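*Asks:* Chain by chain, the residues run as shown.
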Amino acid sequence: MERYYQPEIECASREQILDWQNERLVKQVRHVWDNVPYYRKKMEEKKVTPSDIKGVDDLYKLPFLTKDDLREAYPYGLLAKPLRDCVRIQSTSGTTGRRVVAFYTQHDVDLWDECCARAIVAAGGTNEDVCHVCYGYGLFTGGPGLNGGSHKVGCLTLPMSSGNTDRQLQFMVDLGSTILCCTPSYAAYLAESIIERGLQDKIKLKAGIFGAEAWSEEMRQDIQKKLGIKAYDIYGLTEISGPGVSFECSEQTGMHINEDHFIAEIIDPDTGEVLPEGSKGELVFTSITKEAFPLLRYRTRDICVLSRKPCSCGRTHVKMSKPMGRSDDMLIIKGVNVFPSQIETVLMEQGYAANYQIIVDRVNNSDTLEVQVEMTPEMFSDKLSQVAEMEKQLVGALKSMLGILSKVTLVAPKTIQRSEGKAVRIIDKRKI
Amino acid sequence: MTVKQISVFVTNMTGGLAEVSGVLGSSGVDIRALSIADTKDFGILRIIVDAPDKAVSALTGSGYIVKVTEVLAVPIKDAPGGLSEVLTVLAEAGIFIEYLYAFATRTNAQDAYVVLRVPDNEEAEKALTSKGIKLLAPEEIYNI
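Listed in order, the protein sequences are those of chains Z and H.
Sequential numbering from 1 applies to the first sequence in the numbering used here.
Sequential numbering from 1001 applies to the second sequence in the numbering used here.
Treat the hints with caution; some may be incorrect.
Once the Cα atoms are required to be at most 27 Å apart in a straight line, the calculated DSSO-like pairs of lysine-lysine come out as [what the hints assert, rightly or not]:
1) Z:Lys392 / H:Lys1067
2) Z:Lys399 / H:Lys1040
3) Z:Lys383 / H:Lys1126
4) H:Lys1134 / Z:Lys383
5) Z:Lys407 / H:Lys1067
6) H:Lys1067 / Z:Lys414
7) Z:Lys383 / H:Lys1054
8) H:Lys1134 / H:Lys1077
9) Z:Lys429 / H:Lys1040
Beta-carbon label-pair distances, calculated as ranges [unchecked claim]:
10) H:Glu1123 / Z:Glu389: 22 to 30 Å
11) Z:Pro377 / H:Gly1094: 28 to 36 Å
12) H:Ser1062 / Z:Glu277: 54 to 62 Å
13) H:Pro1119 / Z:Met348: 25 to 33 Å
14) H:Glu1140 / Z:Pro377: 28 to 36 Å
15) H:Leu1017 / Z:Pro377: 50 to 58 Å
16) H:Ser1062 / Z:Thr165: 44 to 52 Å
17) H:Ala1093 / Z:Met348: 39 to 47 Å
It should be emphasised that the hints constitute simulated quantities derived from the structure, not laboratory data.
Predicted, not measured: the structure shown is a model, and the values here were computed from it.
All residues carry an ideal CB built from backbone N, CA and C; glycine is no exception.
Make the full structure from the sequences, and use the hints.
*Replies:* Structure, rendered in structure tokens:
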């Protein structure tokens, strides 16, 4: 039987949800207008005032926010509450020089935790469960989000964070973890490790909540079979709160967006025009309950489809498909946001030419990143040790910029493929 | 007294070396000695040729990355203990060897030659000549 964390909200009528959205949006626009000069200026440029926004139907009148705005306004430009009211920051993986920082009041953290709690309960979680969280903890929202949700549900929470597979498996066996929260690629890796060590009979997992990176239906089937669990998708982004913006239910046909907190729109990424329901386009979120960092019409760059078809789970909130791609050149590798421009910056700093190619692949269900860069006469040496040392330095510099390990391959000049004079920068071989 | 060694960056791929040697061959450059240091992805081809300047311009003209380094060429007896004699002199003088490679020729059956890359050519030369070991002059090796 389907269970809910907040049935009165999750299964509310469409009219009720719309009432909440109308009321909260009007209030939120006023809050932003009064407290965020950066966005107020954008509204003024579009000749919109809070009195023009009477409900969700007027949403289209508001200006968009993009990741560039967030970088420009870094760190405090979009903050809508005095710092004395804020209790937490989270941050996205680095971008060219500037990170994106999001602020939370205690109220914001509580609502975020509730969103994650809904996801855990939808995956069958109760206070009898042992919730094993091996998303990274720290600035990354994965660990803190699921950790908070797990507390709300009353699960025994294992704040494992990522890495150290031996320790993960030991706790999983010794403490009888029943719900696993991590990236799908790490889940696949853990599944392999469990089979290799013959631990299948010793684990008690029943469900997994996997997100922060793209994964296919085949991968889901594979993980479900190997771990003997049901695998649920979860979606979110730091800018809007973190994981739990939307989550899967037992039907596993898309993720319910928590519409009492976030209004979703699908737009044409080129024109910005709002598209009718069922169209494929860029997902845009407006957060209507966040106090400290309330983003209005934030363009996620994720391409997907929304559906309001009734769901067999009983939830009434709109469902989004898995993101089908990006409307910018951002890559998500091992759950980390990577922009080619970041790689370019590192190469220039290290003295390489801007001629490079990024090759992303998925080997044994885990993402790999290879950076091919052309050798230059200045960097070349007759001594192998010197060239190897340079290569090592480049790997280190990329690691500190991107947060993930990459393989560097030095290639001869003019060997990187060019099409009509323009270099092909990204080759994504992943079949998701 | 040093000789010019040309190092060429070569990507690891089938036909890569054939291409480099083809460039040298068609510009009439004769290779005297050769060695390769390789990794999984690329190699560094090091050569001593009869006409270094011609080789460099032919290679750079074909888009190769090259580097010219001054190295030492030392004749050694082509007999057991020949190499050891030279290396012992350097070891006793506390001279580190970055890399070396050896070659023999058909003109002088008694001698082999070893090419040495050391941090300081002058220092190594002094150590060798003080023990009566004579270095090969550029024109000697280019004309072998």
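*Asks:* Within 27 Å, alpha carbon to alpha carbon, are Lys392 (chain Z) and Lys1067 (chain H)?
*Replies:* holds (21 Å)
*Asks:* Falls inside 25 to 33 Å, the C-beta gap from Pro1119 (chain H) to Met348 (chain Z)?
*Replies:* holds (31 Å)
*Asks:* Just to be careful, I want the Cα atoms of Lys407 (chain Z) and Lys1067 (chain H) compared with a cutoff of 27 Å; is the pair within it?
*Replies:* Cα-Cα ~25 Å, so holds.
*Asks:* State, for the Cβ atoms of Ser1062 (chain H) and Thr165 (chain Z), whether the hinted interval 44 to 52 Å holds or is violated.
*Replies:* For Ser1062 (chain H) and Thr165 (chain Z) the Cβ distance comes to about 49 Å; the hint holds.
*Asks:* Mind checking the alpha carbons of Lys383 (chain Z) and Lys1054 (chain H) for me, to see if they're no more than 27 Å apart?
*Replies:* holds (23 Å)
*Asks:* Verify the CB-CB distance for Leu1017 (chain H) and Pro377 (chain Z) against the hinted window 50 to 58 Å.
*Replies:* Check failed, 20 Å falls outside 50 to 58 Å.
*Asks:* For the pair Ser1062 (chain H) and Glu277 (chain Z), does the Cβ-Cβ distance stay inside 54 to 62 Å?
*Replies:* holds (60 Å)
*Asks:* Do the Cβ positions of Glu1123 (chain H) and Glu389 (chain Z) conform to the proposed distance bound of 22 to 30 Å?
*Replies:* holds (23 Å)
*Asks:* Are Glu1140 (chain H) and Pro377 (chain Z) spaced within 28 to 36 Å by their CB atoms?
*Replies:* holds (29 Å)
*Asks:* Go ahead and decide if the range 39 to 47 Å is satisfied by the Cβ distance of Ala1093 (chain H) to Met348 (chain Z).
*Replies:* Hint holds: Cβ distance 43 Å, inside 39 to 47 Å.
*Asks:* Holds or violated: are the alpha carbons of Lys1134 (chain H) and Lys1077 (chain H) at most 27 Å from each other?
*Replies:* holds (12 Å)
*Asks:* Starting from the range 28 to 36 Å, see whether the pair Pro377 (chain Z) and Gly1094 (chain H) falls in it by beta-carbon distance.
*Replies:* Roughly 33 Å apart at Cβ, these two residues keep to the hinted range, so it holds.
Of the numbered hints listed earlier, the single one contradicted by the structure is hint 15.
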